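Asker: Residues per chain, in single letters:
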Amino acid sequence: MNAIRRVFGLVWILLGLAAGYFLVVLQSFALFEKGGMDNVVPAIIYSFILAPLLTGGMVIFGLYALQNEYQR
Amino acid sequence: MSESIAPLENEGKKLRKVIAASSVGTLIEWYDFYIFGSLSVVIATKFFPADNPTAAFLSTLATFAAGFVVRPFGALFFGRLGDLIGRKYTFMVTLLIMGFSTFAIGLIPGYETIGFLAPVLVLILRLLQGLALGGEYGGAATYVAEHSEPGKRGYRTAWIQTTASLGLFISLLVILATKKSMSPEAFANFGWRIPFLISIVMVGISYFIRKNMDESPVFQKAKDEGKIVANPLKESFGKKLNFKFVLLALFGATMGQGVVWYTGQFYALSFLQKVANIEFEQSNYIIAASLAGGTGFFIFFGWLSDKIGRKVVMLTGMLLAICTYRPIYQAMYETADVSLKTEVVGSRKVTTDYMMIPKSVDLKKIIKTKVAYTDGTEMTEEETGLVTLFPGKNPVKPEIKKTIHVGSGGFWYLIFLVFIQVLYVTMVYGPIAAFLVEMFPTAIRYTSMSLPYHIGNGIFGGLLPAVATYLASKATAANEVAKTAGQQIPFDKPYLEGLWYPIIIGGVCFVIGLLYVNGKDKEIND
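Protein chains in written order, with the numbering used here: chain A, 1 to 72; chain B, 1001 to 1526.
Just so you know, these hints were derived from the structure itself, not from any lab.
Predicted, not measured: the structure shown is a model, and the values here were computed from it.
Note that CB positions come from ideal geometry on N, CA and C, so glycine has one too.
Be careful, since some hints might not be right.
Said to hold, decoys possible - Listed below are several chain A residues computed to face chain B (Cβ distance under 10 Å; list not exhaustive):
1) 5
2) 8
3) 11
4) 14
5) 21
6) 41
7) 42
8) 53
9) 57
10) 61
11) 72
What the hints assert, rightly or not - Computed list of lysine-lysine pairs in BS3-like fashion (alpha-carbon distance at most 27 Å, straight line):
12) B:1493 / A:34
13) B:1397 / B:1364
14) B:1370 / B:1359
15) B:1370 / B:1397
16) B:1274 / B:1014
17) B:1274 / A:34
18) A:34 / B:1483
19) B:1179 / B:1274
20) B:1397 / A:34
21) B:1474 / A:34
If we strip away everything but chain B, and leave its shape as in the complex, we get:
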């Protein structure tokens, strides 16, 4: 009996090693990709001065191009390589490109030192990051799936699925820890470079772990049997037989998954900070705690998809998300809405400061109001205006900045509300690697699954913050126009208008998935 158990144990050990090597590398790539986004405010001040239009244009390109355009190109480029020369070598190349780019961003001198070369170099490196990310995920997911035994593919690949959330979580932790370990001035001067620089250590470790791994057995078998195709791009997108499944994967799965993912993890943070006005640190803790609580569910739903099917798990998550987003975001808004809270009597403190403005005869007037509420919430309002010494000069509208620190009850309630959204993310995202891998044959798997994944996530998902913010600000502007004209406001809750984007995209994807996606799991050893 021990003779038959030993090979099984070795096989289990090998599989765990495969999953660990693939997941750690992918996790590091996500970490590298997210620190740029999380530190975008600091990066903008160092490399992209707002008063310079060309630098501002480069900044916009760095934000949009890397997230939207370059990722699908990376998927095509590295997907093709992966289907021609192998999964292992390709995802080692993507790891090295990502590690090098991230480390190099941490070394580039600022705009003040080397001028325009600084934003140009940052843009190039950011594009390289996007390319590498486009190639990495498909390789890791395919590699793990092709090592997994049938009936456990959802569970095994779900480990890869945890890496995007964990990468975001770790990037937030590293940034918060770096910020806490030094003064705000030191962080602004050099501290922001540390999260970029330490990436090289993680990439180095991951590279050596991956280096010792074998090629995927399914790919190796196909290669040995001469079943590798000469042109995977033509085979994937030029033949109706395969291309129809690429379209189905995009419109029936990854498009909806992408918007649910971005709503739960990015729009939630943006909504907390910009709409609910919750302070930077507290809003990041809310997201980090929700991610920490929800990450294990990627594994659970991946495992569940092996038992009851990928389609039912993913579509249930999508349906729940589109039906409950509006009430969830309404509850988030109300939790931070101080007009619904009771002020502690005598807590209101108002201070007024005047500051000289260099090279101007005007004065900056700052009125700071601090209010405490009975549920422990604190609100700080800063009204910054100008005191002009020329009576005839047009008055400038004062800028009002509100920051809210919610009490402990509200804090935990917000964690719960974001956690529900993370749960939806785990339902749609946990089984998707296994789902995509099972849709395509070995010879074109890397190419065919990477493109719909990165269009769904990079383009449909990546556009979400911009489109949702645009829709919400358009509704707010329409209300202001109506108010000024003395008419009834057209939008009762303008802050919820941005949610129509994930609701409509998710709704279309749900119907397509329900009608056309096959609920039965497929064999991949073709």
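Pulled out of the complex, with its shape left as it was, chain A reads as follows:
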């Protein structure tokens, strides 16, 4: 089970990076381009709140998992 926990660390890192790419590049850029309050506010939330949290958090969490920090 510890080996599975460790291998999944890589999955969390990739998932974090994918989430960041999706939120910033695919969503926020388009919303910023459209302009207007309804688009800019979600774009700010995606780029500056959700993406750093998801990407940063998941990458660190994945690294810890890879380093066997969660083994029992």
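Here the structure of chain A is known, so what remains is to put chain B in place on it, guided by the hints.
Answerer: Positioned in the frame of chain A, the structure of chain B alone reads:
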């Protein structure tokens, strides 16, 4: 024998007092936080006129900032205080800040009277509400858990867990009761202030109950032994040993719990009103009845988590939720879908009215259609268009507003469908306070448990209505484009697309929880 029972009885009495004092205060804080959301339409007209872009921007900030950004900051600020000076004093401060802010919102003159100062003051007070809420929950949960005996911590802290739903329930009741007690004009003029103003009485009572409570025995012991850390923030987030558990608490528990919570209690209401077009009052009754029926289950699942473990209860709730959300929302949609119902012959009534538009030569044309169906459902459709006196002018697309009042069978069925979602909420939320408290040592408990809780709920959960609505409207728009181009529509059920957000977030959280969360309960008297 009576000598040994008496201290036990006193201990039980004291514990009940601790739970009551903590829960009532937290309940009031949730009530205060929710009345702003529930009255947002009225507040917008009084403080944030839509035709003024700056005021509209402040309104958006008030909605998003208080729910997303400020709550985690409140968790950090008050969590640190709670780990340094004590749980009791900190959650009394949060109670007072919340009470003062709520009461003050009820006193602020409108935009028409004091101009821009009005939205600025409302924004500041709303941010203070968010800060206070960020600090309150961790304090109350830690305080109760540190008073509880091992083996009953889930049950005892579950009382705190009921407060968020009860706060929402009471806010809906107070608003409905205030609305019913006066004319719509009186409510719009001053009645909306009453739910804000009465909060001060509740806060006052709660303050005096809490004032007489003792500090948490576990914290007091740690303080007496000199085990309090000088910098709880650095200790919680700067040391891998603790920070890895903060991340695990967030990604393996509170992130999924947050989206299940917001889907069951907020998205359900928004879906009933905006997608299923069920009228305001009936949709609120549906939510209120489901909450009333489901609230007791917080206690049950908290108790159950003491017996079979927190992990199994929370993850079962999460799994059930992500597997059944789509069929549940499909059933909700179909219950209100009049195209699936049989019209009562001769019930269709159509009336047309014309209204003058001030300072315009055009006329407003309102076509009102009322239809009754055999299952007792009634539908009102209002089509508002313009009759222009200039033939060359571009025609404006008429606005169509549909309101549905479902029959009694549909009404109870919808209560049942929302109740199932509330049941999932109670499974994931009931044991979470005990789960979080048991993850961290006394010296940093308040700080460490508050942050993942408020990021999970405030950010991942709080974003749910906005993200889900965005996904659903994007799917609807894509279908319209395809229809116009004569192509096949890409989304068969666009109204269900918003559910992918809680399903994906909940799914990731479920796998992380299953793999990494320890199922065994821990001792907290470290």
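Asker: Now tell me, hint by hint, if it's right for this structure.
Answerer: Results of checking the hints against the structure:
With 10 Å as the threshold, the beta carbon of residue 5 of chain A comes within range of chain B, its nearest partner Cβ sitting at about 5 Å, so the hint holds. Because the beta carbon of residue 8 of chain A sits about 6 Å from the nearest beta carbon in chain B, less than 10 Å, this interface hint is met. A cut of 10 Å between beta carbons decides the hint on residue 11 of chain A: the least distance to chain B is about 9 Å, and the hint holds. Restraint check, residue 14 of chain A versus chain B: the minimum CB separation of about 12 Å is more than 10 Å; hint violated.
At about 15 Å, the closest approach between the beta carbon of residue 21 of chain A and any beta carbon in chain B exceeds 10 Å, and the interface hint on this residue is violated. At about 5 Å, the closest approach between the beta carbon of residue 41 of chain A and any beta carbon in chain B falls short of 10 Å, and the interface hint on this residue holds. Here the hint on residue 42 of chain A is kept, as its CB sits about 6 Å from the closest CB of chain B, short of 10 Å. Look at residue 53 of chain A: its Cβ gets to within about 7 Å of chain B, closer than 10 Å, so that hint holds up.
At a threshold of 10 Å, the smallest CB-CB gap from residue 57 of chain A to chain B is about 6 Å, leaving the interface hint in force. With a least beta-carbon distance of about 4 Å to chain B, the hint placing residue 61 of chain A at the interface is held under the 10 Å criterion. A distance limit of 10 Å between C-beta atoms decides the matter here; for residue 72 of chain A the minimum to chain B is near 7 Å, and the interface restraint holds. Between residue 1493 of chain B and residue 34 of chain A the CA atoms are separated by roughly 26 Å; this keeps the pair inside 27 Å, and the hint holds.
Under the criterion of a C-alpha separation no larger than 27 Å, the hint pairing residue 1397 of chain B with residue 1364 of chain B is consistent with the structure, at around 12 Å. At most 27 Å may separate the alpha-carbon atoms for a hinted pair to count; residue 1370 of chain B and residue 1359 of chain B exceed this at roughly 31 Å. A hinted pair counts as satisfied when its Cα atoms are at most 27 Å apart, and residue 1370 of chain B with residue 1397 of chain B qualifies at roughly 21 Å. Annotation: proposed proximity of residue 1274 of chain B to residue 1014 of chain B is violated, straight-line Cα distance about 47 Å (limit 27 Å).
With a C-alpha separation of about 24 Å, the suggested pair residue 1274 of chain B and residue 34 of chain A falls inside the 27 Å cut-off, and the hint holds. Annotation: proposed proximity of residue 34 of chain A to residue 1483 of chain B holds, straight-line Cα distance about 23 Å (limit 27 Å). Pair hint residue 1179 of chain B plus residue 1274 of chain B holds up; C-alpha atoms about 21 Å apart against a cutoff of 27 Å. This hinted pair checks out: residue 1397 of chain B and residue 34 of chain A have alpha carbons roughly 23 Å apart, not beyond 27 Å.
The straight-line distance between the Cα atoms of residue 1474 of chain B and residue 34 of chain A is roughly 14 Å, inside the 27 Å bound, and the hint therefore holds.
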